[in-house]
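Read top to bottom, the protein sequences are chains A and B. Read in order, the letters of the first sequence correspond to residues 290 to 745 in the working numbering. Read in order, the letters of the second sequence correspond to residues -7 to 380 in the working numbering.
No lab work stands behind these hints: they were computed from the structure. Since the model is a prediction, treat every value here as computed from it, not as a measurement. Note that CB positions come from ideal geometry on N, CA and C, so glycine has one too. The reader is advised that the hints may include incorrect statements.
[Unchecked claim] Covered stretches of chain A (chain B as the covering partner; in silico rule of three or more C-beta atoms under 8 Å from a C-beta of chain B):
no., region
1, 544 to 556
2, 653 to 664
3, 718 to 727
[Claimed, not checked] For lysine-lysine, the following PhoX-like pairs were computed, each having C-alpha atoms within a straight-line distance of at most 25 Å:
no., chain 1, residue 1, chain 2, residue 2
4, A, K736, A, K338
5, A, K736, B, K332
6, B, K12, B, K56
7, A, K338, A, K447
8, A, K736, A, K697
9, A, K668, B, K56
10, B, K180, B, K165
11, B, K12, A, K668
[Said to hold, decoys possible] Here chain A is said to cover these stretches of chain B; the calculated rule only asks that three of the stretch's residues, wherever they fall, bring their Cβ under 8 Å from a Cβ of chain A:
no., region
12, 27 to 37
13, 47 to 57
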Amino acid sequence: MKLLNYFRGEAFQRGVHPPSRKEATADRRIRRLPFPPRVTVPLSQHIGKLPHAIVRVGQEVVRGQPIARADDWLSVPHHAPVTGVVEAIELKPSARGPWTQSVVIRAHAGATQEDLWGQPRDLDTASSADLLQAVWDTGMVGLGGAAFPTHAKLSVPKQAHVHTLVVNGCECEPYLTCDHRVMVEDADDLVRGIRYAMRTTGAVRAIVGIEDNKPDAVAAVEAAIARANATEGVIHAEAVPTKYPQGSEKMLLMALFGFEIPSGQLPVSMGMVVNNVGTLAALGKLLPRGQGLTERVVTITGPGVRHPGDYRVAIGTPLKFVLDHAGVEATPGLDRRQVILGGPMMGQAIASLDVPITKGVSGVLVFRHDDMVANDQRKTYPCIKCGECVESCPMGLNPSTLGMLAAKREYDLMGNHYHLGDCFECGCCTYVCPSSIPLVQQFRVAKQILRERAAA
Amino acid sequence: MGTVEIRPAPHIRGERTVEKIMLNVVYSLVPVCLFYIYQYGISAFASILVVTGACLLTERWFVKTGTQSGNLADYSATITGMLLALTLPPGFPLWMGAVAGFVAIALGKGLFGGLGFNVFNPALVGRAFVQAAFPTAIATYTPSFLPGRFLEFIPSSLAWPLMMPADAATWLKAKQLDALAGATPLAKWKFEGILAEAGDLLTSLAGHMAVGPSPLLILACGAYLAFRRYLDWRIPTAILGGAGAVAWLLYLFGPGHYPNPFFMLFSGGLILGAVYMATDMATSPVTPRGMWIYGGLIGLLTVVIRYYSGLPEGVMYAILIGNAATPLIERITQPAPFGKGVFGGARKGASYPLHPGYISREEAGAVTPKKRILKNKPKADERRTPNS
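Starting from the given sequences, assemble the full structure and let the hints guide the process.
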C-alpha cells in the first residue's frame, strides 16, 4: 500500500513544495527562555469570546494561577505565566492590529519557572465529561496556529460519533520545527495526551500523521507508543509524503485516508477529530498535574536570527525580549527587517515588537531587508494563463480566473460561481505565480468584502 | 531596534518567473532553428533574423508608445518571431517576412493589450495574414539540402520590397531539378497521391524534400520543456492523440482513399503546431480538463481541414479556431473544488487503506451510521457540554 502511495507520488492533489529550510533548528534541543521583566497576557488569544479577568491591579499572582475565567463555551481561561504583581489591566497592542484588553504582570526577580499552582489528579477513572472539563480548565487552544479552543474541538456533537482521532504532526510550513522537536523530545507526553483525547472523544483509534522529512519524529513517536504499551494499532504513527499545505486538516485526512471532507463540513461529520501534536503533548503534560497553559514552544529562526532554535517561551513575553535573546543579525547601517509570526507561507508580518507571544504563535521568523528585496523587485506581469496556480491550489479552485475577477471587483461572482469561500489562504497560488500577481492577497480582500456585505 | 517592514503573506516566492519560462522556450527553439538553417542554408538564416527582428521592433514600438504591458526582456516577441519564421517557406521573400512579423505582433498581440491579453497565437495571426496576402509565395517551397545552400540565397528571398519574387521554377530548372521537387509531402499527397517515406518524414534528413525541421527534433525539444514543466504535456498529447485517432478511423474505412495515420501525424506542421503553437499559455485554457478538450478539438479540425478542404495544410486554422474556443472551453471545464466533486458531492472513495490492521473502509462504515453527516454546525447548547 505504501508502494501505491509512492507511485501516486502525492499525498493529496496539487499543493506545492517550497524549500523546507528547517536545518537550522531541526536538530537543536528545545531551550528555555528566561522570564521577561513584564509579561502582557491578552485576554483574546483565541477564536471566540473574551474571557473576563479575575485579578485586580496590585494583586500578587503565582505562576499557573488562573487570571481570567471563561464564561462562554467558545472561550478559554488564562493563567498567570509568571509569578509577580498585576501591574495593569488595560488596552495593549496585539499582533492582529487592534489594541486588546490585556493583563500586564511584573515578574518577581528570581521567581522559579516551576508551575506552583494546580493539583495533581487521577484521571484514569474520569468520565468523558470530566476530562472535557479538565481540558477546558487548562485554557488549551490549538497550538498549531489557528488557536481554536481545544475543549470545543474535542467535544462531540450529540448526533455525531467519533471513531478516529487524527494527530496532525505535519508542520508543512517551511522554517518551523516546534512540532518536530516536541515530537522528538516530548513523545511520552504526546502519547499520554492522545490517550486523554481519545477517551474524551470516544475515539477507538488514533493516528499520528507526520511528514516524511521528519524520520526521527516518526521513530520517536513509535518508540513512545511502544513504551506506553499500547495495544497494537490503537495508536499508530504514519509518515505521509511531504507537501505544503498538508497541515490543513482536510489535506491531511485526504493524505491519510483518501477521502474529501465535503465542502462546508467539519471532519467530525466523518467521525474524525484532528488535533495538533503540540496541543496534545501539552495536554499530556498539564492534565495529570491539573495545571494551566503558561508557556509554549516557539521556533525562532530565519536568516536574520543569530541563535536560531526552538524555545520554551512564557505566554505574554514581548517579541522584543524574545528577539534580544535569540540575537538578531543586522546589516550594518541598514537596520531594516521583517518579523513574521507563524510560517513564511501564511504567517503575519507584525508592525510592532511590543506585541506578546500568544498561545497561537508557533514561530517567529526574522528576515533582513536584503532577504526580501528580491521579491519586491520582481516585476508584476499580466496573467499569462500558464495554469500553475490551478495546478497548485489544494482546494481545486481556479485562482487565475479569480484573480482576474478580483481585478474587476466582481466579488459576488467570485463568491457565488468560483467558490471563493473554499479558499483558506494557504498562499500556494501567489507562491507559484510566475507573473508575481498578488493572488491570495486579493482573495483576502475579496473575502473580507463579501463578509462585510453578508453582515450588512 | 531598527525599522520593521510589513509585507503580506506569503513571504517566500517560487523560482519561476515569466522571463524564465520564455527564455527556456527560446533555448529549446535554438536547436530547431539551427537544424532548419542546416537544411535550407543562408536563406533560412536570413528569414529567421528578419522575421524575429521585425517582431522585436514592433514590440518595442508598442511598448514605447505605452499601449501595451510587458517589455522586450520578457522574450515573448522573440518566441513569436522564431516560430513565425519556422512556419514560413525558407525562400519566402524577406520583405514579406518582415510584414508577417509586424502583423503578428501588431494585430495579434499589441492591439489586444500585449502579453497575456492576446486571444490568438500571434505567430499564427501573422502567418494567416501573409497566407491571404501572398498565396503564391507562401506555397512556393524549395527542396532542402541543395548544394551550395550556405553561399547562395534562394532568389525569391531577395525580392525588393513590394516586388513579386522571381519564379523559383526557372532557378530550380537551372539546377536540373523538377519544379515539383519543392512541393511539401502534404501537397504531394493531396494533389498527386504520393506518400512520403516514413523515415524521411521523421528525420527530415532526405534531400530534395520540402519539409520543415525534423519532427523528432521538435518532439525532443518539446519533451525537454514538458519535463521542466514549461509547457503543459496535456495539449500536445491531446492534439496528436486526437488527430491520430481520427486519421486512423478514416484510414480503417477507406485505406485507399485516406493516408495512414502515421503520415498524418508527421507531415506538415502538425508536430510544430502541437508542441509550440497550441501550447502558447495565453491562448490555451488554464483548466486541465479544458486542455484535453482544446487539444482534441485542434486534432480533429486539423484532419478535417487537411482531408476535405482545398488547402493542403490545416494546422494553422485548427489552432486559431481552438484559440477562439478557449474562453468557452474554460467556462465549461472549471475545476471541481475540494469537497464538492464534479457532480456536487465529495469524492469519498478511500484510495488505499491506511494500515491493514488499522482501519478499513468497511470498518469505518460499520461504526459510522449512514445518516450521520450533519447538515449544519451544531449550536453550542446542543453540544455535550461538561455542565449538562
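Inset, instruction - Go through the numbered hints given earlier and state which of them the structure violates, listing their numbers in rising order. - result: Going through the list in order, the structure violates hints 12 and 13 and respects the others.
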